[in-house]
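K.L.:
Going by our numbering, 1 is the number at position 1 of the sequence shown; the sequence numbering is gapless.
Hints listed in this document are in silico derivations from the structure and should not be mistaken for laboratory results. Take these hints with a grain of salt, some might be off.
[To be verified] Derived Cβ-Cβ restraints for the label pairs, each shown as a range:
| hint | residue 1 | residue 2 | range |
| --- | --- | --- | --- |
| 1 | A46 | G177 | 33 to 41 Å |
| 2 | Y178 | R57 | 26 to 34 Å |
| 3 | R44 | L111 | 28 to 36 Å |
| 4 | P163 | I116 | 29 to 37 Å |
| 5 | G177 | P31 | 31 to 39 Å |
The beta carbon of each residue, even a glycine, is placed where N, CA and C say it ideally should be.
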Amino acid sequence: MQSGLAALALVRPRVAALSGVSFGKGVRIGPDCEIALGPAPVRRGAIVLGDRTRIDRGVLLHPYGGRIETGIDVYIGPYTTVYGHGGVWIGKDTLVSMHCRILSSNHAIPLRGTIIRSLPDELRPTRIGCDVWLGAGVTVLGGATIGDGCVVGAGAVVTGDLPAGAIAVGVPARVTGYRG
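Modelling step: build the complete structure from the supplied sequences, incorporating the hints.
P.N.:
See the structure below:
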């Protein structure tokens with residue numbers, strides 16, 4: 001793993017990337033991506049992309065003081081957004097389809113009379129195991145853990161933990177079976 005662009009990384013036009021982002025060998029980043037450490041003046045956190053990770057068109061990766069890390073051979077599909085406030089880990093050989101959202105924080109729900117926006121984020125680490133497939137438009141909420149080998153159907157919202165090998169669909173995502 002190298003800091004900055006690895007010698008063999010392929011980065012397409014119109015990619016905004018800041019120093020402090022680590023790219024493994026053979027990483028490919030499509031056009032119109034934003035891989036940044038957050039808005040000025042609070043640029044901090046870390047992004048680590050494992051070897052041969054492929055980031056498709058229009059992906060947003062923002063750690064906002066947390067950490068986003070992928071294993072090797074991860075694919076992140078077009079127009080996916082990953083916010084790493086509380087930390088996001090995506091295991092090797094995982095496929096994240098188009099238009100997914102992966103979050104790692106939430107807002108508290110205060111008593112009436114308190115402005116929601118005035119409260120700090122609740123940081124909730126999110127873990128996605130190895131050999132996982134997230135279908136198109138899946139949302140993974142902060143604090144969720146998706147076990148190795150899971151398949152999550154298109155449009156599902158993962159709010160908690162999914163055991164290894166589970167097939168889950170719906171809002172909220174529910175286990176409907178297991179990979180054979």
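K.L.:
Now tell me, hint by hint, if it's right for this structure.
P.N.:
Hint-by-hint comparison with the structure:
1. A46 to G177: 33 to 41 Å: This hint holds: roughly 36 Å between Cβ atoms.
2. Y178 to R57: 26 to 34 Å: Given a distance of about 33 Å, which is inside 26 to 34 Å, the answer is holds.
3. R44 to L111: 28 to 36 Å: holds (31 Å)
4. P163 to I116: 29 to 37 Å: holds (33 Å)
5. G177 to P31: 31 to 39 Å: About 38 Å separates the Cβ atoms of G177 and P31, which means 31 to 39 Å holds.
Every hint from the earlier list agrees with this structure, and none is contradicted.
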